[in-house]
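> Could you put the whole structure together from the sequences, leaning on the hints where they help?
Sequential numbering from 0 applies to the sequence shown in numbering that gives the first Met the number 0.
Bear in mind the hints are in silico, worked out from the structure with no lab data behind them.
Computed from a predicted structure; not experimentally measured.
When the alpha-carbon atoms are kept at most 16 Å apart in a straight line, the in silico EDC-like pairs for lysine to aspartate or glutamate are as follows:
(1) Lys33 / Glu101
(2) Lys33 / Glu78
(3) Lys90 / Asp261
(4) Lys33 / Glu108
(5) Lys203 / Asp183
(6) Lys225 / Asp261
(7) Lys90 / Glu252
(8) Lys203 / Glu180
(9) Lys90 / Asp260
(10) Lys203 / Glu57
(11) Lys203 / Glu184
(12) Lys225 / Asp150
(13) Lys203 / Glu252
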Amino acid sequence: MKTTAFLLIAFVSLLLAGLYLWRMLDYRSDGREKERLLATRPEGPPLFSNRMVEDLPEPARRYFQFSIAEGTPLHTVAEISMRGQFAMGTKDAPNYIQMSAEQVLAAPEGFIWQMSGGSGLMRISGSDSASWTRFWLAGVVPVARAGGDADHGLSGFGRYASEAIFWTPGAVLPSESVVWEAVDENTARVTLTRNIISQSVDVKVDADGRPSEVVLQRWSNANADKEYRFQPFGGYLSEFRNFSGFQVPTHIEAGNLFGTDDYFPFFIADVSDIRFVQ
0 MKTTAFLLIA FVSLLLAGLY LWRMLDYRSD GREKERLLAT RPEGPPLFSN
50 RMVEDLPEPA RRYFQFSIAE GTPLHTVAEI SMRGQFAMGT KDAPNYIQMS
100 AEQVLAAPEG FIWQMSGGSG LMRISGSDSA SWTRFWLAGV VPVARAGGDA
150 DHGLSGFGRY ASEAIFWTPG AVLPSESVVW EAVDENTARV TLTRNIISQS
200 VDVKVDADGR PSEVVLQRWS NANADKEYRF QPFGGYLSEF RNFSGFQVPT
250 HIEAGNLFGT DDYFPFFIAD VSDIRFVQ
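What follows is the structure in structure tokens.
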């Protein structure tokens with residue numbers, strides 16, 4: 000009996016040590032990715048001028064003139080602090096948990112979102128990026144491990160391409176890899192390209208250029224068949240504040256199958272601070 004108990008204790012100890020080491024490796028790779036993204040910030044960025052967007056379609060021009068004040072340094076990398084709710088269930092039973100998160104957004108290079116939520120033994124923590132999704136229960140049990148393939152990368156590109164529109168508008172000014180067109184008098188479509196992948200996002204704006212919705216066809220397996228395909232994704236934007244010359248929303252509600260009967264916001268966030276990396 001003593002030998003059995005000793006072996007059991009030894010096995011559990013080794014298991015816990017292995018899980019702890021695994022968790023520390025996740026932390027380390029999170030840190031490396033954050034440093035990589037922060038290092039992509041432009042040095043001595045140009046200042047915004049309305050002349051930069053005067054040739055854009057009218058709804059896109061309104062969007063930029065609302066979102067960026069004349070003379071604002073065009074920083075493209077942001078650190079974002081947020082709190083809110085994250086759904087762990089379905090539309091019929093969302094099972095929202097309270098969460099807080101820190102994000103580095105650096106389109107077109109990528110993003111990393113580090114979140115913790117829930118409480119006690121049901122506390123969830125981990126990170127999401129264009130390369131991985133990794134979350135842990137109570138800090139010791141891996142409950143979600145995905146990424147490292149083209150499907151995840153394309154899906155992640157859809158996320159941070161759309162978020163760049165409303166959180167880092169300096170990153171989506173027209174260029175060879177960012178093309179704007181009009182959909183109608185109050186909707187602009189922007190297409191971002193990075194390497195061999197592209198993502199189009201529709202932005203609905205009001206008379207002042209304030210964006211109220213973003214909608215895209217996102218590559219996702221969040222459907223009944225659990226198969227990757229392009230499907231509607233989008234969200235509502237509100238409660239705008241000025242951060243360093245950028246007028247951006249601080250309340251976001253977003254989810255899969257946007258515009259259909261199956262839509263529900265699995266992500267509800269209130270931004271407390273945005274720091275544009277200089």
